[in-house]
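These protein sequence lines are chains A and B, in that order.
According to the numbering used here, the first sequence is numbered sequentially starting from 14.
According to the numbering used here, the second sequence is numbered sequentially starting from 15.
There could be a bad hint or two in this list.
Said to hold, decoys possible - Lysine-lysine pairs mimicking DSS-like chemistry, simulated, CA-CA at most 27 Å apart: (1) A:Lys25 x A:Lys65; (2) A:Lys25 x B:Lys231; (3) A:Lys25 x B:Lys17.
Said to hold, decoys possible - Residues from chain A that face chain B, not an exhaustive set, calculated with beta carbons under 10 Å: (4) Val31; (5) Gly33; (6) Tyr46.
The hints are simulated quantities; they were obtained by calculation from the structure and are not laboratory data.
C-beta atoms are modelled at their ideal positions from N, C-alpha and C, and glycine is treated no differently.
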Amino acid sequence: MSESLSRRDFMKATVFFVGGAVGAAVGIPAVGYLIAPALKGGAKEAWIPIGKMADMSEIGKPYPFSFTLVQVNGWERTSTSHGGFVIRKSDAPDDLVILDSRCPHLGCTVNWKDAEKAFVCPCHDASFDTEGAVLAGPPPRPMDRFSDFRVTEDGVLEIFYKEG
Amino acid sequence: MWKKFFDWLNDRLGLNELQESLLERPEPKGNWWNTLGSASLFLFLLQGATGIFLTVYYTPSPDHAYDSIQYIMNGVAFGWLIRGIHHWGATLMVLIVFIHMLRVFVTASFKYPRELTWIIGVGLLIATLGMGFTGYLLPWNQRAYWATTVGTQIAGTAPLIGDFILKALRGGPDLSALTLQRFFSAHIWMIPLVLAGLIGAHLYLIIRHGESHWPTKED
Numbered sequence: 014m015s016e017s018l019s020r021r022d023f024m025k026a027t028v029f030f031v032g033g034a035v036g037a038a039v040g041i042p043a044v045g046y047l048i049a050p051a052l053k054g055g056a057k058e059a060w061i062p063i064g065k066m067a068d069m070s071e072i073g074k075p076y077p078f079s080f081t082l083v084q085v086n087g088w089e090r091t092s093t094s095h096g097g098f099v100i101r102k103s104d105a106p107d108d109l110v111i112l113d114s115r116c117p118h119l120g121c122t123v124n125w126k127d128a129e130k131a132f133v134c135p136c137h138d139a140s141f142d143t144e145g146a147v148l149a150g151p152p153p154r155p156m157d158r159f160s161d162f163r164v165t166e167d168g169v170l171e172i173f174y175k176e177g
Numbered sequence: 015m016w017k018k019f020f021d022w023l024n025d026r027l028g029l030n031e032l033q034e035s036l037l038e039r040p041e042p043k044g045n046w047w048n049t050l051g052s053a054s055l056f057l058f059l060l061q062g063a064t065g066i067f068l069t070v071y072y073t074p075s076p077d078h079a080y081d082s083i084q085y086i087m088n089g090v091a092f093g094w095l096i097r098g099i100h101h102w103g104a105t106l107m108v109l110i111v112f113i114h115m116l117r118v119f120v121t122a123s124f125k126y127p128r129e130l131t132w133i134i135g136v137g138l139l140i141a142t143l144g145m146g147f148t149g150y151l152l153p154w155n156q157r158a159y160w161a162t163t164v165g166t167q168i169a170g171t172a173p174l175i176g177d178f179i180l181k182a183l184r185g186g187p188d189l190s191a192l193t194l195q196r197f198f199s200a201h202i203w204m205i206p207l208v209l210a211g212l213i214g215a216h217l218y219l220i221i222r223h224g225e226s227h228w229p230t231k232e233d
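Go ahead and model the full structure; you've got the sequences and the hints to work with.
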């Protein structure tokens, strides 16, 4: 048999495979350990319940809501507060405007002023109408909207929050 | 190609001479008890490698030490494996170093010309125990906290300077963030450097004197 393995070639192959197995057994955990945080899904998005539709019955009135997002990075937890307003345009449960209360100018929180019928930012006196459009002041664009929302079977309004 | 590269390196580094003096030196007939020093060296390198990996996630602060270890155990791929090897490797290293010392004592290998090797070995044993003592605090759990409380109190019973030793070890009268931080520094920098230096001297002396032969009935 000319194809029979010589002792030297057998040793070479054995060293190659055993060495490879040992290298993989050490290397894979080592690399996996180092890059583990990079492999975690970083998508910061969630459906967030903000209130019962039954509690927001008046058409045209801004109902404020707020929620807190907790982000876990390793052993550290950071929580950020968010808020906004829900305004019903009509009786239809999906005819809503949901505004982010963060001012698009520099990020202050706007308040609803019933007397002026406008959202007013305390920082630079910007004001917005119930659609979020800029009435006065420095903001470069209208108020941000949560355009993805749904009403669950038991009448709870949920918004889809996505970072960025 | 490979031969040419090796010859080039060998010409400049003297690899052949290195091999002759380090690996092909004359030795007495092999014995499993004589492998414990090499086993200790291997464990030291293993502890060094896994320890360096642990510092990627471990945080030596009372606020985060415990949580960061929980994260290593549950949140990081193979974190349980690396910490497990470091944890059990530490126990094994103390055991192997101690049996190595017993072997040298029983076979009377500490006699002339190897007294200095023995003395350095005593330093290595103490440094190894120091690694165990400082590393034990780092998880910052109840067991670690109270073990260090008791351990530093024992050191504090030394006459006259006991109180000073206690405060120096703890970085103050009580166990605190300072204690954790200085134990961490000792565990990853100071004691390992002492260990590495002593290991170098220990190995040099072994190569210089060769291994002692196994005692016979006439000895």
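Verification of the hints:
1. For a cut-off of 27 Å, the pair hint linking Lys25 (chain A) to Lys65 (chain A) is broken: about 72 Å separates their Cα positions.
2. This hinted pair does not check out: Lys25 (chain A) and Lys231 (chain B) have alpha carbons roughly 44 Å apart, beyond 27 Å.
3. Between the alpha carbons of Lys25 (chain A) and Lys17 (chain B) the distance comes to roughly 17 Å, so the proposed pair stays at or under 27 Å and holds.
4. Hint on Val31 (chain A) is violated. Least Cβ distance to chain B is approximately 18 Å, over the 10 Å limit.
5. About 19 Å separates the beta-carbon of Gly33 (chain A) from the nearest beta-carbon of chain B, more than 10 Å, and the hint is not met.
6. Hint status for Tyr46 (chain A) relative to chain B: holds, with the closest Cβ pair at about 5 Å, below 10 Å.
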